[in-house]
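Asker: Next come the chains, spelled out residue by residue.
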Amino acid sequence: MALQVNINDIISQLYQNRSAIEFLFANRENITVNELLSRGDLSSDQYQKLKSLDLIYEYENIVSLNDAVVSMFEDFMEIGEVTPGFINDYLNELHRHIKFYQEVRELRFLRSIKKYLKRINSTITREIIKLQKNVDDTYKNESNYRIKLQKLEDYRLKRDTIIDFIKRTGEVVEEARSLFNLTNDTELYGIIQSLKGSLIENLDFLIEIQTDITDFINKIQFQLDVYKKAQKLKEIKDHGALHFKTNFNEIVSSVNTLRYNGHKTPRTKIAVDFLFTDDGHVLCKRVAEKYKLTRLMVRGLADKMAGNFKDKGLEQQIKLDTQKLVDRFLAQNKTNLFEYLMDYKFPKSIGTITFEERLSLFVEIAMEYQTILDFKYRLQYYDYQDNEQKKKRLGYTLILPMKEKEKKEVKEEA
Amino acid sequence: MLAEDFNLPKQTHDIFSIMARGNFISSNGSRDGMNRLYDIINSPENFDRLQAYFNVIRYNIERGNNYFYFSKLSEPNSELEKKLERFERYIDIIDLLASMDNKITIGSRFRPTEIAEECNANVRLKQKLQKIPLYRSETLHNKVREICDLMSRDSYLELEDEKTESYKVLDSYNYLLDVINSIAIYEDTTGGSDDAQGLIYN
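Going down the list, the protein sequences come from chains A and B. Note that the working numbering has the first sequence beginning at 860, numbered continuously upward. Note that the working numbering has the second sequence beginning at 2, numbered continuously upward.
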């Protein structure tokens, strides 16, 4: 028999051995004494103490927490098993307590009423969540269609029961309204308000569950109907009348999935020009790696272009023109090379050519085409203004087109 | 028009590579993240973008009950013979599945051995199975296997666990059932043999 205990004792014992209690709560079944003690967080003395307080039981070497403790935790965390029967019990209790109402013992009366109203509220909500989950699970995971249908039917009944409870709760609250008003208790008023709110909400949930169940049952029913039809069709087919007694041909020919129309995965041909680009090369390389083709791996990628390749492009364009420029220069004999370049009208597409650029062009031509130019080794002077508007004078070598005769001589020497 | 203009989800390639092979994308498929792909197509703005994108190459996304597939716009009505043959075979298969005690429905899992076992125990089923025209299959078990293989190639089933050979029925199975359901029978040849399975629900 349990010792005389007080709350303080119980709480401090539970707290002291909280890890063992937690373990026992999580593993409610099949924990032996040895298992529990070998965990190391509970000495055998403490174990005896807990046992003497009746907080844990030992039966045939199996340890379990006191049911009262377990249900306290469960109630508190709202995880315990609930069944519609609970709601029924609570409702009956509520009825009973309301009948017992005596003004003298108002406090006590109110306390139990509040307790049951709260419990009804939380139990109904939990019950509905559980129902929703079960319906979903059953449709998705139950493989046997008969059991599936039966289970869904059961849930439908359960739903009706809960709706009935909700109605009854509403009635009870309504009947006792004058009584509750008499008590003039604000807390009770708040509880009733939240209960009413959640009753309405829960009714909505139940309607949704109902449509879910109906939907699921209809889907299963549809499949069964189709199965029956398939059997019928098979029978017709065995009689060789499938193409004549049904519109099988029409239906099948209107089937439009890709698979049944002999479509292969589309293949797009890649343009050869594209394959010669760098992107194409990367593609080739990938294909080569995939199919282990060494032939496609030979060609390498070009180095990265310099950042200023556009400017270079412009220079290149001028350079490309130099040959023609020199030819034109050679064709005339009025001016020397320097003056020719200074006055030359370059095509607009190149853009404006600055004095410096013309100068470098002059040096370039002088160096590259020295064999076909006539260097006079005489200085001439050119006056110009620089960027800061200062007057400057530049000395340059006089270069003239070579005479025909001299050209030939040069060639012979070479 | 460039691919970027459509603002496509990044899984477009995966979606295309599954559906262009003529396969379905079902909401309860788990291989290759199929359920995720389903969710992506199912979101309305993605659906419109993908639809516009694939319409360019004349493919149309068709929406079924929890599944998607491609159809071809303005298709040439080719291969009718093959199509008829295929669906005739599916009638045989569904008829077999319909006659099992443990009928498979969307989401149910089964192993070919279970079906083979049941066929072995029931003469009617055994005959049905043996009469289904399949190639190179001798034993009942292999025949069932081949049926499962055929159906998973058509993406109605999914091989969920290779070790235990366990298959799962996908949502696309509805498509097959829908096709069969839409076939109309001109005259009733089986007068009143219906066993009363019809339940009336509100």
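Hints may be right or wrong, so weigh each one.
[Stated by the list, open to error] Counterexamples of contact, computed for chain B against chain A with all Cβ distances above 10 Å:
#1 F7
#2 T13
#3 H14
#4 D15
#5 G34
#6 N43
#7 E80
#8 D93
#9 I95
#10 N103
#11 A122
#12 N143
#13 R146
#14 C149
#15 D155
#16 E163
[Claimed, not checked] Derived DSS-like pairs: lysine-lysine, alpha-carbon spacing no greater than 27 Å straight-line:
#17 B:K11 x B:K73
#18 A:K1096 x B:K127
#19 B:K84 x A:K1104
#20 B:K127 x A:K1026
#21 A:K974 x A:K908
#22 A:K1096 x B:K11
#23 B:K73 x A:K1149
#24 B:K11 x A:K1088
[Said to hold, decoys possible] Far from chain A, some chain B residues (derived; all Cβ distances over 10 Å):
#25 N24
#26 K83
#27 T106
#28 S109
#29 L141
Hint data in this document are derived by calculation from the structure and do not stem from the laboratory. We treat Cβ as the ideally placed atom computed from N, Cα and C, and that holds for glycine.
Asker: With reference to the structure, classify each hint as holding or not holding.
Answerer: Each hint, compared with the structure:
In this structure F7 of chain B is separated from chain A by more than 10 Å, as the shortest Cβ-Cβ distance comes to about 17 Å. Separation of T13 of chain B from chain A is adequate, the least Cβ-Cβ distance of about 15 Å exceeding the 10 Å criterion. No Cβ of chain A approaches the Cβ of H14 of chain B within 10 Å, the least distance being about 13 Å, so the stated non-interface status holds. Against the 10 Å criterion, D15 of chain B stays outside the reach of chain A, whose nearest CB is about 14 Å from its own CB.
Under the 10 Å C-beta cut-off, the non-interface status given to G34 of chain B relative to chain A holds; the minimum distance is some 19 Å. No Cβ of chain A approaches the Cβ of N43 of chain B within 10 Å, the least distance being about 18 Å, so the stated non-interface status holds. Annotated as non-interface, E80 of chain B brings its C-beta within 10 Å of a C-beta of chain A; the closest such distance is 4 Å. The beta carbon of D93 of chain B is not kept farther than 10 Å from every beta carbon of chain A, the shortest such distance being approximately 7 Å.
Distance check for I95 of chain B against chain A: the nearest CB is about 4 Å away, which does not clear 10 Å, and the non-interface claim fails. Non-interface status of N103 of chain B relative to chain A is broken: a Cβ of that chain comes within 10 Å, the nearest being about 6 Å off. No Cβ of chain A comes within 10 Å of the Cβ of A122 of chain B; the nearest lies about 17 Å off, and the non-interface call holds. For N143 of chain B, the non-interface assignment is confirmed: its Cβ lies about 22 Å from the closest Cβ of chain A, beyond the 10 Å cut-off.
At the 10 Å boundary, the C-beta of R146 of chain B stays outside the reach of chain A, the nearest C-beta of that chain being 19 Å off. Every C-beta of chain A lies more than 10 Å from that of C149 of chain B, the closest at about 15 Å, which supports listing it as non-interface. The claim that D155 of chain B is not at the interface with chain A is violated, since a C-beta of that chain comes within 10 Å of its own (minimum 6 Å). Every CB of chain A lies more than 10 Å from the CB of E163 of chain B, the least distance being 19 Å, so the non-interface label holds.
Using a Cα cut-off of 27 Å, the hinted pair K11 of chain B and K73 of chain B holds, with the two alpha carbons roughly 23 Å apart. Using a Cα cut-off of 27 Å, the hinted pair K1096 of chain A and K127 of chain B holds, with the two alpha carbons roughly 18 Å apart. Taking the CA atoms of K84 of chain B and K1104 of chain A, the gap is near 18 Å; set against the 27 Å cutoff, the hint holds. Using a Cα cut-off of 27 Å, the hinted pair K127 of chain B and K1026 of chain A is violated, with the two alpha carbons roughly 54 Å apart.
For the given pair, K974 of chain A sits about 33 Å from K908 of chain A by alpha-carbon distance, which is inconsistent with the 27 Å threshold. A C-alpha spacing of about 46 Å is found between K1096 of chain A and K11 of chain B, which places the hinted pair above 27 Å, so the restraint is violated. Of the pairs offered as hints, the one joining K73 of chain B and K1149 of chain A is violated, with about 30 Å between alpha carbons and a cut-off of 27 Å exceeded. Under the criterion of a C-alpha separation no larger than 27 Å, the hint pairing K11 of chain B with K1088 of chain A is inconsistent with the structure, at around 42 Å.
Its closest Cβ contact with chain A, about 7 Å, brings N24 of chain B to no more than 10 Å, contrary to its assignment away from the interface. The claim that K83 of chain B is not at the interface with chain A is violated, since a C-beta of that chain comes within 10 Å of its own (minimum 7 Å). Consistency note on T106 of chain B: stated as away from chain A, yet its beta-carbon is not over 10 Å from all of that chain's, at 5 Å minimum. Against the 10 Å criterion, S109 of chain B falls within the reach of chain A, whose nearest CB is about 4 Å from its own CB.
No beta-carbon of chain A is positioned within 10 Å of the beta-carbon of L141 of chain B; the least distance is around 19 Å.
Consistency note: the structure conflicts with the earlier hints numbered 7, 8, 9, 10, 15, 20, 21, 22, 23, 24, 25, 26, 27 and 28.
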